[in-house]
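Taken in sequence, the protein lines are chains Y and S.
Terminal number for the first sequence in numbering that gives the first Met the number 0: 228, no gaps in between.
Terminal number for the second sequence in numbering that gives the first Met the number 0: 114, no gaps in between.
Bear in mind the hints are in silico, worked out from the structure with no lab data behind them.
As the structure is a prediction and not an experimental result, all values here were calculated from the model.
Accuracy of the hints is not assured; some may be wrong.
Capping the alpha-carbon separation at 20 Å, the derived lysine to aspartate or glutamate pairs in EDC-like fashion look like this [unchecked claim]:
| hint | chain 1 | residue 1 | chain 2 | residue 2 |
| --- | --- | --- | --- | --- |
| 1 | S | Lys57 | S | Glu87 |
| 2 | S | Lys88 | Y | Glu162 |
| 3 | S | Lys88 | Y | Glu59 |
| 4 | Y | Lys63 | S | Glu87 |
| 5 | S | Lys101 | Y | Glu45 |
Take a look at the letters that make up each chain.
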Amino acid sequence: MTFEKERQVLVIFPHPDDEAFGVSGTIASHVNNGTPVTYACLTLGEMGRNLGNPPFATRESLPKIRMQELRDAAAALGIQDLRMLGLRDKTIEFEDDEKLADLMYSLIQEINPSLVISFYPGYSVHPDHEATGRAVVSAVGRIPKNVRPKLHCVAFSNNCVDELGEADIRYNVQSVEKQKVAAIMAHRSQTQYMVAAWGDKLETQDPELLAWIHNERFWTYQWPDEKKA
Amino acid sequence: MEPILQADAQAVIDSFANEDVYLHLETTNGAYATHFDESFFSVGAYIRNAFLQYELGKIVGTGPFRVGLKLSIGWVYAEGLTHYEVDEKGRLLMAGLDPAGKLAVALQISKTPFE
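Starting from the given sequences, assemble the full structure and let the hints guide the process.
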């Protein structure tokens, strides 16, 4: 699929690096297309488990490290507007649902995006992903249908294809491979072992790795009143 | 953080005894454990900035270590601790890191609240 030209994109995820794996090629493509992209990241991934052995961080220094990594990844993708919303990793689902939806709603009102990208509630595994997706869906759902931004969702639960069907939005982001790899590598604390495990597969153009990097997929959110028969 | 030196860690634990302290205690096997293995029973617990005093604190074992804090009306303990440091704010940060460097448990003691 080719990228539709968007007026403004708003990406909402809970953790630094949520944008890197499955979405960064799409972000870079929109940026390169001249579309402003805002990335709102709810937490600093304070509860990340990778501290290294020997450790390179502590529970207390990790958020500072991840904040810088997030800035580096945003820079690699050309994101001009990076928002850190100051919530805490692993606590999103325990926040007041209505207040969280209000926060998302005010963000959407301010940014006025033509496309919102977040997680698909019910199909995104991590409790923070689920809670973020629920709040975003609730906020977008408050907007009258005729002026609602598009909502493209990331899903990766084991049952997502069985229940949602194949993703309806599929991009090949090979043309921005370098930016995507740079964004993945920017999240060093989270990805250094994965990148090390790649070995020389990037240089030798390993087909499996390239397919994983080049293909990004989204599900257009199915509003209950628009469900396919 | 460095691998725990038991006598040194004990001295730091002693230095916080009978003082008002803030405590961080956490165990986790990661948010994706059940995603990767659906038979895995995932558990974790987390408390940040518990405000308490302990009258006796001990670090026990041969590594990984166990730390227990005796309160006037209760207990705190953690097992599996491997690494520690006293950070620039004078806080005792202890963690249990698995061989791959993933945190599985943390016990931290501070005179000031954790951010």
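When the structure is checked against the list of hints, which entries are broken? Sort them ascending. 1, 2
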